[in-house]
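Participant: So the chains spell out like this:
Protein chains: 2
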Amino acid sequence: MGKLVIVGTMAFDAIETPFGKTDKILGGAATFIGLAASHFDIDAAAVSIVGGDFPQEYLDLLSNKNIDLSGVEIVKDGKTFFWSGRYHNDMNSRDTLITELNTLAHFNPVVPEAYQDAEVVMLGNLHPIVQSAVLDQMQTKPKLVVLDTMNFWMDSALDDLLNVIKRVDVITINDEEARQLTGEYSLVVAAKKIHKMGPKYVVIKKGEHGALLFNNDQVFYAPALPLKEVFDPTGAGDTFAGGFAGYMAQTGDTSFENMKNAVIFGSTLASFCVEKFGTERMVNLQSEEVRKRLLQFKQLTQFEIELS
Amino acid sequence: MGKLVIVGTMAFDAIETPFGKTDKILGGAATFIGLAASHFDIDAAAVSIVGGDFPQEYLDLLSNKNIDLSGVEIVKDGKTFFWSGRYHNDMNSRDTLITELNTLAHFNPVVPEAYQDAEVVMLGNLHPIVQSAVLDQMQTKPKLVVLDTMNFWMDSALDDLLNVIKRVDVITINDEEARQLTGEYSLVVAAKKIHKMGPKYVVIKKGEHGALLFNNDQVFYAPALPLKEVFDPTGAGDTFAGGFAGYMAQTGDTSFENMKNAVIFGSTLASFCVEKFGTERMVNLQSEEVRKRLLQFKQLTQFEIELS
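Protein chains in written order, with the numbering used here: chain R, 1184 to 1491; chain C, 1184 to 1491.
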């Protein structure tokens, strides 16, 4: 059974969208990645840090989904990372209202020994030095290292970010971030520049417009399922990454053709994430629902033109 | 052999993009639609109007591609419709610099008798009263009527537009126009509202983000081919419509599954149109190039997840 190491935040989120607002609820990249990855037949472990204020039920929720939590440090007298944000009406942009790093400011990730030979490592959005520190602990070279990041690190820690980007096989990044990282407007040209920075595979996420997977001259385009409404985009990118990495860990096949499927699984799981606030939809998501939506994705994209 | 009636402008365009500018070159909706439709095994006729200043070589260009021009009125002492526009850097928006209607101001379309029983009618972007007048002349009910329009008519002739929309099977419209027409931000909800206005099929064009085809609860998403650069978007929407209508006329199969293929053909042909100024790329496009790009579209979108 493929092993997957997930690194990322476990957090409290407070979210405002045009549809309503929440108090502090469960959030964080590792949380969303873990919930998505739990849909695959793999052995996954989360590496993260929380404070003593993090409810046991949140931890139980993940361990009940077979996510190993031995790599989650609990700082009894510390407070958990807290993020608060407000989405604009078009749901494509948001303002960060509050960021309290708390325990995250002193996070030294420790990969449990049993997972230092994992086939797949999913580096969720975090300081690039933390992401690098995880790679340093791997005792065997992973088959696939996937990195998610965001513009915040391009603004504040670009050199560190470029150092970790060099070491990964796949980067997932959104369209505006790809443009910022490369100074190129065309995503095709941006992907080529990112290849040169290290990653052989570049996934560019375009929100409601889907996601592109590039590998040199090969390209795959997975649309997003058209939805009546996006209720809360929080965690959609992490959920995509968790679906992608989970599928890759389950199959162990790093061909471009198989990676297309990983993108489709990521998009499918992300399409659920946005239907409710925070993790609410993902926590109760059944495998039969996932199967049905994969069928919808097939109908959405597959066509039958015979070419000689 | 399926007959197709094409209604639209034949025009002079002067275009400015970040890559350069042109003098008056060949343009117009019927021109781009005709060039795209010429790639199918159909009997197509253009219904349009030009002035005495319209070069014979432009007319020859279309008739050499087997477009019947008996429905093109030539006003010897009149001038041809002229449009001039400038694209912004992102190529997603443009300013109209000049519009000279000239002969178009007095256009009374006449469908040649031999085409009044056409299976497919493609109503290119024009005043909705002109579009309606064409439908009035059809002696047998067409299998499929496709309408393209734009925001200009929503602003200036909404009632006339709604009257012709009632009479068509398929509408092609861009995302911002769908939002304007319905007052709905969600394209899924907008498509439902447009269904209620008449068209059973709604195609929403999203430029570089592809196109959506809706038929009640069925939806199909054709991505645009990711391109290094879009050189000139002029005519891309018309080319899409021409590929769509041409394929439908050739196959005569109005099922949703077959209409997916029509969307793919439309997207494929449009991906060529934007590579050069005006009609330049379309005039010399070879069928082998189209076949190769269809293969690229398959690789771009098709995946192999087996579902039980």
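None of these hints come from the bench; they were simulated from the model.
There could be a bad hint or two in this list.
Remember, identical chains collapse to one label, so a pair may be satisfied in a single copy or spanning two.
Claimed, not checked - Using 25 Å as the maximum straight-line C-alpha spacing, the simulated PhoX-like pairs for lysine-lysine come out as follows: (1) LYS1459 with LYS1259; (2) LYS1459 with LYS1248; (3) LYS1389 with LYS1411; (4) LYS1389 with LYS1481; (5) LYS1459 with LYS1375; (6) LYS1376 with LYS1248; (7) LYS1204 with LYS1383.
Participant: With reference to the structure, classify each hint as holding or not holding.
Facilitator: Results for each hint:
1. LYS1459 with LYS1259: neither (31 Å within a copy, 64 Å between copies)
2. LYS1459 with LYS1248: within (20 Å within a copy, 54 Å between copies)
3. LYS1389 with LYS1411: both (17 Å within a copy, 17 Å between copies)
4. LYS1389 with LYS1481: For LYS1389 and LYS1481, the Cα distance is within 25 Å both inside one copy (19 Å) and across copies (20 Å).
5. LYS1459 with LYS1375: The answer is between: 23 Å across copies meets 25 Å, while 36 Å in one copy does not.
6. LYS1376 with LYS1248: neither (38 Å within a copy, 41 Å between copies)
7. LYS1204 with LYS1383: Neither, since 40 Å and 38 Å both go past 25 Å.
Checked against the numbered hints above, the structure violates hints 1, 6, 7; every other hint is satisfied.
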